[in-house]
Structures are given as structure tokens and as C-alpha cells.
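Peer 1: Please arrange chains B, C, D, E and F on chain A, whose structure you already have, making use of the hints.
Protein chains: 6
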Amino acid sequence: MRVAVFRKEHFNAAHRLHNPQWTDEMNQRVFGKCNNIHYHGHNYELIVKVTGEIDPRTGYLVDMKILSDLIKQQVIDRFDHKNLNLDTVEFSNLNPTAENIAVVIWQLMRPHLDDHLELKVTLYETERNFVEYPA
Amino acid sequence: MRVAVFRKEHFNAAHRLHNPQWTDEMNQRVFGKCNNIHYHGHNYELIVKVTGEIDPRTGYLVDMKILSDLIKQQVIDRFDHKNLNLDTVEFSNLNPTAENIAVVIWQLMRPHLDDHLELKVTLYETERNFVEYPA
Amino acid sequence: MRVAVFRKEHFNAAHRLHNPQWTDEMNQRVFGKCNNIHYHGHNYELIVKVTGEIDPRTGYLVDMKILSDLIKQQVIDRFDHKNLNLDTVEFSNLNPTAENIAVVIWQLMRPHLDDHLELKVTLYETERNFVEYPA
Amino acid sequence: MRVAVFRKEHFNAAHRLHNPQWTDEMNQRVFGKCNNIHYHGHNYELIVKVTGEIDPRTGYLVDMKILSDLIKQQVIDRFDHKNLNLDTVEFSNLNPTAENIAVVIWQLMRPHLDDHLELKVTLYETERNFVEYPA
Amino acid sequence: MRVAVFRKEHFNAAHRLHNPQWTDEMNQRVFGKCNNIHYHGHNYELIVKVTGEIDPRTGYLVDMKILSDLIKQQVIDRFDHKNLNLDTVEFSNLNPTAENIAVVIWQLMRPHLDDHLELKVTLYETERNFVEYPA
Amino acid sequence: MRVAVFRKEHFNAAHRLHNPQWTDEMNQRVFGKCNNIHYHGHNYELIVKVTGEIDPRTGYLVDMKILSDLIKQQVIDRFDHKNLNLDTVEFSNLNPTAENIAVVIWQLMRPHLDDHLELKVTLYETERNFVEYPA
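Protein chains in written order, with this note's numbering: chain A, 1 to 135; chain B, 1 to 135; chain C, 1 to 135; chain D, 1 to 135; chain E, 1 to 135; chain F, 1 to 135.
Same shape as in the complex, but just chain A (with noise of 0.2 Å):
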């Protein structure tokens, strides 16, 4: 009885990607827009997947409310409504492109969970541009 429990969350936060080891001109070429000096922002959408047995007791295979409320206290809390470069220590030294930052909350979120449990995290930027991780 292996199952898939996903949960949706959201955040809002700014960004702005840039490699400090490049020149100007080729964080210009390689990340256009959103090298903005000055920072835009999205609408970022969440899915937290788990994977693992049914527990025939509850039927659950996790509380979605225990999974939502952690997910608020390790990411939602973390990012909403932040800078990602300036006020995240996640993101300080790291681009905070969606592929980082989905890795990033699949570590924030893996220790908190069983250890017979698998995990996943989709990361909505947009509509049309998501990321998965791991694939």
C-alpha cells in the first residue's frame, strides 16, 4: 500500500541572480533580466511530496497538517515575503535560482521527516517555468 501524499504551499520573495565571480557584462549575458541590480520577485508555489506506507490505524500516510505546519515553519516562515539574497543565509553565498532553491528546501525539509519516508519538492518560479527535485 505505497502511496504519494503531495501538499501545495506558497510564498512571495525577491531575488536576483548573479554569480560574484563574474564580470558585469557576463552576469548580463547569462542571466538578462534577472540580473537586475535592484532585485524583481514571483509568486513562488510549493509541492511537497512524501512517499511511504498508509498506516492502517489512521489511513493517513502523514497528517497533511503536520506536513503543512512543517512546511510553514521550515520554508514558509523562512522565505515569504524576504529578499532571498539579502535576508536568507540559504541564499548568501548561493544563486537563488529554482533549481537551488528547491534543493535547498528539500534539505531544510529532510531531516524533519521518517527516514522511511521519500521526499520530492516542485517549485513553481511561474506558470510555465518549474523544477523538480530530485528528478
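Accuracy of the hints is not assured; some may be wrong.
Mimicking DSS-like on lysine-lysine, the simulated pairs with C-alpha atoms at most 27 Å apart in a straight line are [what the hints assert, rightly or not]:
1) K65/B / K120/E
2) K8/F / K49/B
3) K49/A / K49/F
4) K49/A / K120/F
5) K49/D / K72/D
Label pairs and their in silico Cβ distance ranges [stated by the list, open to error]:
6) L86/E / T23/F: 41 to 51 Å
7) G32/E / L113/A: 26 to 36 Å
8) R128/F / L117/E: 22 to 32 Å
9) K33/F / G32/E: 46 to 56 Å
10) K72/E / P134/D: 30 to 40 Å
To be clear, the hints were calculated from the coordinates, so they are not data collected in a lab. Computed from a predicted structure; not experimentally measured. Note that the Cβ used here is the ideal one computed from N, Cα and C, for glycine as well.
Peer 2: Below, chains B, C, D, E and F without anything else, positioned relative to chain A:
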């Protein structure tokens, strides 16, 4: 030429989460508002995924009209506008969590598909809570 | 500078459509599956529209956080995860059609908004059926 | 034959809500997380509504390609991937609330449409918060 | 107790935009890719809005099942999986723009609704282009 | 650091399902309304998934702008506002079912991606019918 086809259908139902082997207090603590003795309800969105080889004569994996009719017969007619706890045999002794509903839908559909086809069920209880079986 | 602001919230509830002054046969003929004696349910999506002048000090018509909290107090806490027919005073003698639910929500919200603000309620019973009050 | 046509576009931007005539404490109390000194951001979804008579030669009210290009020139090129507070003249002295952004977009578009056409702007700041101007 | 109810339906059709009184060059310049001689197509999403008074016996404005059946008879059966230019009398001499299709749908529906009910039609040609009649 | 990135694009096209080796009656029985000799059409929503390792210099798997441009060149410019049966070489001898269109899009995209990247295509023919290749 292995492809998957997906068909989306929906049904509306009432349910209550409850474990009859537990005290009322325990049920309340575990299931919270979902334990409401008078039931609550959802618009369930169902996605049925079938995987196999394309038939070169039709260009189809399966005829989506036939798949849609099968879902209607096996799932929608059984659960739509029903109280899952009171009006169905499937959940008379099984807690109608999203996880268990997805498993039951898979079991209802499986015998009606050719053996060489794979079947997966995704069930949205709300836009923000959904499950997949098998994972 | 007359603008409208909209806030979307949701709740899940069970209900049954029934006119106690009619025979069972008449109820069945008029309300069909929605007359199921054991109830069925929906994910209701609610959009509250408030119209008025922008406050030049804030750039707000109303603070969306305050509007959201008001909807939660007046509507969500009252109806979410409830059986509208059995668990609420509003529908103990009123048929809980989408039309009537929208009118009741308007009546619950109206006293809590300033007189110079206009109020309109849109209620989605399903993605394909929705109502607006006042029209 | 009076019809309305709607065109949907989007842009991503950073912003901060702030009234420079207030103390920091007052700004924090009124605008909360939206007052974050380092900005946050959104995916803004914009719907432009134009109302008028169908041209019997084309069957069009306006050519949607021309309307889309006009929105891109007047709105998207100006605000997309920008910090509204720092990178735009429109919000250098105006608080970039959804209400004010909708009014500004209307003012930017209005001169470029024929006088006999009506214009309305709907702006989604998030899926759950949106505004309309004029109301 | 004046309310509006909305019912959403959809149909898929091919069409070509063309004015037979114009040269090919003029048609190409005005209608661009939509003038393709071999047709292209859309998933049309249709929202029918009916406004009037709630019937106190039912709590309904109109029975949504009856409204849905009426849309199917008057609109879906006529246009679904059709070539609007070649397979319908309505567009044999009328350019099937979204504006004109909305007007035609209104004209097809209007005679079948009670005089005291108001009717409005919204038609999505794509997620980003839609029209409303009457405005 | 294996991730997947997804890019969503869309195109509108006409098509007809037909097997030239069958009688008209057989085609009508198998393909029903989709066999209409004058074609019908769809808004196709396309999701292209690319899987591989994050480039530590950019934080990207692939630049979404480059991926979007590639989809436009290889898929959108070829199929948008076209009659798939008449205007394309790909479907001159291949039935344009959603399954076959997904396979063709994969074949068109594959040569333009680095060998170490995996490619998957999801194609929505309608909101309720979609396919994935490879499965």
C-alpha cells in the same frame, strides 16, 4: 513507443474520518475537524493514468471515450453525490481518507484494463491536498 | 479613484438540498442526486469583492489581511468542515443551494464593513457551477 | 453589438509597501511583512478589458495582437523584472500597492486607445488577492 | 434577492478568419496566422451567466442541470468537433471571431430563457484571449 | 544534484483523426466526432521536461530562455495555427492523435539537447485529456 495517457474526472461526496476502535477523544485529536460527526465534503478531482504501447492502427493507447466511460461506471456512478461512509460498501469498514479512496479506485479500475497496461490513480481532495497510488 | 479589491478563501462542507414542504418524490424530482438523504459535499471557493475609494495614506482600499481575517471569522469558522443542514443555524430552515449560501455570506459580512463600501460575493460550488450576489 | 474583449499578460516584479511620512514602527504596524526593507516580489497577472462595438468588416472589437503589443510596450517592458520602488518613475513617490499599480496601468494604457472604447484593468497580486480599476 | 448563476461548458472546433470581400493580401495582413486557408482550432471555454430572482421554493435561480442541458442542445451539439466555417449555418456568412461566436451563442440561447431572466455570455478562445457579450 | 526543469508552451491547431486503410464506416466507428472530414481543433498545452545535473556556475540545469526558444523553433513555429494533417510533413502519413503528437515533439526536440540530458514531453489536448512520452 511506450506512452501514458491521463483522463481527468470529478465527483462530489461527503465523508467523515473516524476509527471505530478509538475513543471519541482520540478520534478528535487525530482527525480534528475531519472527524465531525455530521460529515463534511469535497469536490474530488480524479486523474487516471494508463501506460502502455501505442496501437499503430489507431495512434491511440486506449480510446479516451472508453476510458472515460469506464471511470464513470466504476467510480463516478458509485461515489458521486454520495456519503462515502454511509452509502458505499467500500468504505463501510474503511476510513475514507484520500489515500484509501485512491487505493479503492485503483482496485475498482484494475480488473477492467488489459493486463499489459499499467494503472496509476491521482486524487485531489482539495487543490492543495492530493495523493497518488501506487507511488 | 474608485477600485474594487477581491479576496479568495475556501471551505469544505456537506449539504443536502431538500424542501420539507414537499413529498419525497417531489424533492427527488426537483433536486435529483443533490437530495441524497445522507448528504454529499463540496470544496466551496469564495471570492469577496469590496468596492470603494483608495486611502491615499496607505494606497489600500482595505487591508487584505483584515479582510481575510474577517472572512475567516464570519464565514470559514462557521461553515468549514461542517454539515450545512445540521451544524449551522443559518441553514436549519433554509435550503443550502449555492444561491442561498451566497446571500447568507453577504448578510454575515455586510455589518462588519464600513457603510461607504460596497460588497459582492461570488461562490463556486464546483469549477463549473458558481453564483454571484448581489447581481 | 457592444462587446468586451479581455487580454491576459503577466510580469514579475519586486516591491515594498512604505509611507515615508510615517515612522518605521507605524509602517511596520500597517504594512507588516510587505514593509520588508529589502523588498519581496510577485508574479503579477494582468487582465486588460476593452469595451466597444464590433467592427463588421473584421468581426473584431480590437485586434488582440495589437492590444497585446500595446500592453507589452506600455506595461510589461516598463515593469517586468523590475523593482517597482527603485526602477520606475511611476512608483518613486507612490506606494506600489495592487490598487495603485492598477490605477497606474490604466493611466498608461488609456491615451493609446480610441476615445469610444472603455478600459478596465484587473491585476492579480496573488491567486487570492486581486483588484479592479475602475470599479 | 437578485442573483446571477454561471455555468461553464466547453467545445472544440476548427475555424479560419477571413473576409471574402477583401483580397488575399488584405486578409493576410489583418488576420495573420488566423487566416490560414486550412484552418486551425481551439478549445473554447464557455461561461453562461443568467441573472434574476431566487425561487423561494427551490432556492434556485434556475436548475443548473436544466441550464447545462440547454447549453448542450443549443451550443455544444451544434459546434463541438465542428469546422465553424464549413459545418455550421451560423458562420457560413459570418467571420467566426470570438466576438461573433459569443454574439451567436447569446442569440441561440436567448429564446429558450424566460423573459425576466438576463443573459450574458463569456467565451474563452484561449486562456489569454476572451470576450463577453453583451458588455 | 540531479534536477528536472519544466517549460510550458502552447499552440493552437486543427486536426482530424483518420486511418486511410479503413472504410469510412470503420473510421467513424473508431474515431467518432474526431473523424469529422472538415477538421476540428484544440489549444494544445505542452510541457517539456529536461532532467540532468545543475551547473554550479549558473545554478541552472538549462537556461529556460534557451529552452523556450528551442521549443518555439522546433514545435510552435511548426504547428501553431496549422492544420496538422494538411500543413505539416510530420502528420501527412501519421494520425495526429495526442499520443503521436507527443512522440513527434520528442523526436523534434531530442537532437537539439545535450546527450546527458533526459527529455520527456507532456501534451494536453484538453484540460481533461493528456499524454506523456516516454512513459
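Peer 1: Could you run down the list of hints and mark each one as holding or not?
Peer 2: Outcome of the hint check:
no. : hint                        : verdict
1   : K65/B / K120/E              : 31 Å, violated
2   : K8/F / K49/B                : 20 Å, holds
3   : K49/A / K49/F               : 18 Å, holds
4   : K49/A / K120/F              : 20 Å, holds
5   : K49/D / K72/D               : 15 Å, holds
6   : L86/E / T23/F: 41 to 51 Å   : 23 Å, violated
7   : G32/E / L113/A: 26 to 36 Å  : 52 Å, violated
8   : R128/F / L117/E: 22 to 32 Å : 30 Å, holds
9   : K33/F / G32/E: 46 to 56 Å   : 29 Å, violated
10  : K72/E / P134/D: 30 to 40 Å  : 37 Å, holds
Hint compliance for this structure: hints 1, 6, 7 and 9 are broken, all remaining hints hold.
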